[in-house]
Amino acid sequence: MQRYRNVIKGSAAELNWLNAMVKKGWLLADVHGSRYDFTPTTTNYRLFTEYVPVDVETTATTNAVFTVLATATLKQPAIKVLYTGTTDPKLLAGIGTVTKDDPLQLKVALGLRNHLWNLVNVWTLGWVVAFTVMLMVLVGIQAPGWAFEVGPIIWLIGVVLGISQIVPIHRQVRQLRRQLQDYDDAWRPTWHIFLYKMPAAPDLTPIEDLGAWRLVGQDHHGTYWYDLQTMGNEATIREALQPLLPPHTEIRILSNLGLWPL
Amino acid sequence: MAAGLYQRLIDKYVPLTEATFLTLVSVAQPIRNMDIPTKIATLTNHQLQIGLGTLYTTLHMLTQDYLIKDQITADDQHIYELTGSGLAVLAAERDRLGLLNQIINQLDLPTDD
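Chains A and B are the protein sequences, given in the same order. Quick note: the first sequence, position 28, residue 28 per the numbering used here, numbers continuous. Add 1000 to a position in the second sequence, counting from 1, and you land on the number used in the numbering used here.
A few of these clues could be false.
To be verified - Restricting the straight-line Cα-Cα distance to at most 30 Å, the calculated cross-link-like pairs of lysine-lysine (DSSO-like) are:
| hint | chain 1 | residue 1 | chain 2 | residue 2 |
| --- | --- | --- | --- | --- |
| 1 | B | LYS1039 | A | LYS75 |
| 2 | B | LYS1012 | B | LYS1039 |
| 3 | B | LYS1012 | B | LYS1069 |
| 4 | A | LYS197 | A | LYS90 |
| 5 | A | LYS90 | A | LYS23 |
| 6 | B | LYS1069 | B | LYS1039 |
| 7 | A | LYS107 | B | LYS1012 |
| 8 | A | LYS90 | B | LYS1039 |
| 9 | A | LYS23 | B | LYS1039 |
| 10 | A | LYS107 | A | LYS75 |
To be verified - Computed Cβ-Cβ distance ranges for the label pairs, DEER-style:
| hint | chain 1 | residue 1 | chain 2 | residue 2 | range |
| --- | --- | --- | --- | --- | --- |
| 11 | A | ILE95 | B | HIS1060 | 47 to 55 Å |
| 12 | B | MET1034 | A | VAL167 | 26 to 34 Å |
| 13 | A | HIS221 | B | ARG1094 | 52 to 60 Å |
| 14 | B | ASN1105 | A | SER255 | 50 to 58 Å |
| 15 | B | GLU1018 | A | ASN114 | 31 to 39 Å |
| 16 | B | THR1111 | A | TYR183 | 18 to 26 Å |
| 17 | A | PRO199 | B | GLU1018 | 42 to 50 Å |
| 18 | A | ILE251 | B | THR1017 | 37 to 45 Å |
| 19 | A | VAL216 | B | ILE1103 | 43 to 51 Å |
| 20 | A | ASN19 | B | ASN1045 | 42 to 50 Å |
| 21 | A | THR205 | B | ASP1095 | 28 to 36 Å |
| 22 | B | MET1034 | A | ILE95 | 16 to 24 Å |
Hint data in this document are derived by calculation from the structure and do not stem from the laboratory. Bear in mind that the values here come from a model prediction, so they are computed numbers and not experimental data. By construction, the Cβ of each residue, glycine as well, lies at the ideal position given by its N, Cα and C atoms.
Go ahead and model the full structure; you've got the sequences and the hints to work with.
The structure is reproduced here in structure tokens:
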């Protein structure tokens, strides 16, 4: 049996679904992209999914506890997802299993979201080409008015279907970002920070994790201008900066909209 | 002296993650890779197990850093064994856990009976 499903590989949602399939008598046999192959089983299995670096050998398929059911190699990020199953009574009873996958799950989710966005973009570009050709044909054969509406409707259906797949993935991305506090490459408000009367460039290393800092410019009066992308607010930034700066330093922080705070 | 030689690895690994700890302990004696999950189950009295992917990744990482060595037999079996540096890392972890254990034992905590 085959099933197609766009889920984050290695996520809890995928694992719950695969374990539910086992309970219905279908054991995972292979994974190709969004296609999952199943074989009938009467044995009670508990499945696990884990991320493994691509250079780690996973060819030893069985041991006393686990059986390797399938592997899926992802391109973005370059990682393998290992699907294993066990019939060990203790593991079936739910004893603790040590894994360490959370940060990679975010990268896999981002990879899937980008892939789906690309599909929607390719669909739109393909439609532009196809619709141009269709218009030429329709005008040539002097087709009735309703025929010209078919193309945009098909495009719209494709886009709505694509976006309906992306939205749940995007929700999970946001959830994982909040859990992991990982906002790398995510949009964050930009704060413009001016430090006046500085004797030298400040050492911002202790507050690097506040967000993404970028030195925009400086002048010979000792003014330093930074852009900071962060989820923190003005008070947090000021509080973090003050201990690192000489007492007479003046700090001005522009709001994320680029306006002076009222 | 030994701790000094292996300090870079100790700084990198200690405190050990559960997966690294269990893997290092299970390969204290030479062992085939396929027997490691059974050994972990025995060591933990069937209370803990390492996922196979995590085990493969941890074995790969520890072999790269020569905390364990991997010998491939004629019948293509991987035999893993702890090295001197692996032993030093485990000893440093034992000392760290010993101190933590001593601290926690000073508290009059209820037992789980």
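Given the hint of 52 to 60 Å, is the C-beta distance from HIS221 (chain A) to ARG1094 (chain B) inside that range or not?
holds, 58 Å
Range hint compliance [Cβ, ILE95 (chain A) to HIS1060 (chain B), 47 to 55 Å]:
violated, 25 Å
Hinted pair LYS23 (chain A) and LYS1039 (chain B), Cα distance within 30 Å
holds, 29 Å
Lying within 42 to 50 Å: is that true of the beta-carbon distance PRO199 (chain A) to GLU1018 (chain B)?
holds, 49 Å
Verdict for ASN19 (chain A), ASN1045 (chain B) (Cβ pair) under range 42 to 50 Å
Distance hint for ASN19 (chain A), ASN1045 (chain B) is violated at roughly 25 Å.
Distance restraint between LYS107 (chain A) and LYS75 (chain A), which requires alpha-carbon spacing of 30 Å or less
Holds - the C-alpha atoms of LYS75 (chain A) and LYS107 (chain A) are around 11 Å apart, at most 30 Å.
Regarding GLU1018 (chain B) and ASN114 (chain A), is the given constraint of 31 to 39 Å on their beta-carbon distance met?
This hint holds: roughly 33 Å between Cβ atoms.
Is the distance from the Cβ of MET1034 (chain B) to the Cβ of VAL167 (chain A) consistent with 26 to 34 Å?
Violated, at about 43 Å.
Taking 30 Å as the top limit, are the C-alpha atoms of LYS90 (chain A) and LYS23 (chain A) close enough?
Satisfied, since the Cα-Cα distance of roughly 17 Å is no more than 30 Å.
Range hint compliance [Cβ, ASN1105 (chain B) to SER255 (chain A), 50 to 58 Å]
About 53 Å separates the Cβ atoms of ASN1105 (chain B) and SER255 (chain A), which means 50 to 58 Å holds.
If I claimed the Cβ atoms of ILE251 (chain A) and THR1017 (chain B) lie 37 to 45 Å apart, would that claim hold in this structure?
The hint (37 to 45 Å, Cβ to Cβ) holds, given that ILE251 (chain A) and THR1017 (chain B) are roughly 41 Å apart.
Straight-line Cα separation of LYS197 (chain A) and LYS90 (chain A) no greater than 30 Å?
Distance ~66 Å between LYS197 (chain A) and LYS90 (chain A) Cα, so the pair is violated.
Comparing the model with each earlier hint shows violations of hints 1, 4, 11, 12, 16, 20; every other hint is respected.
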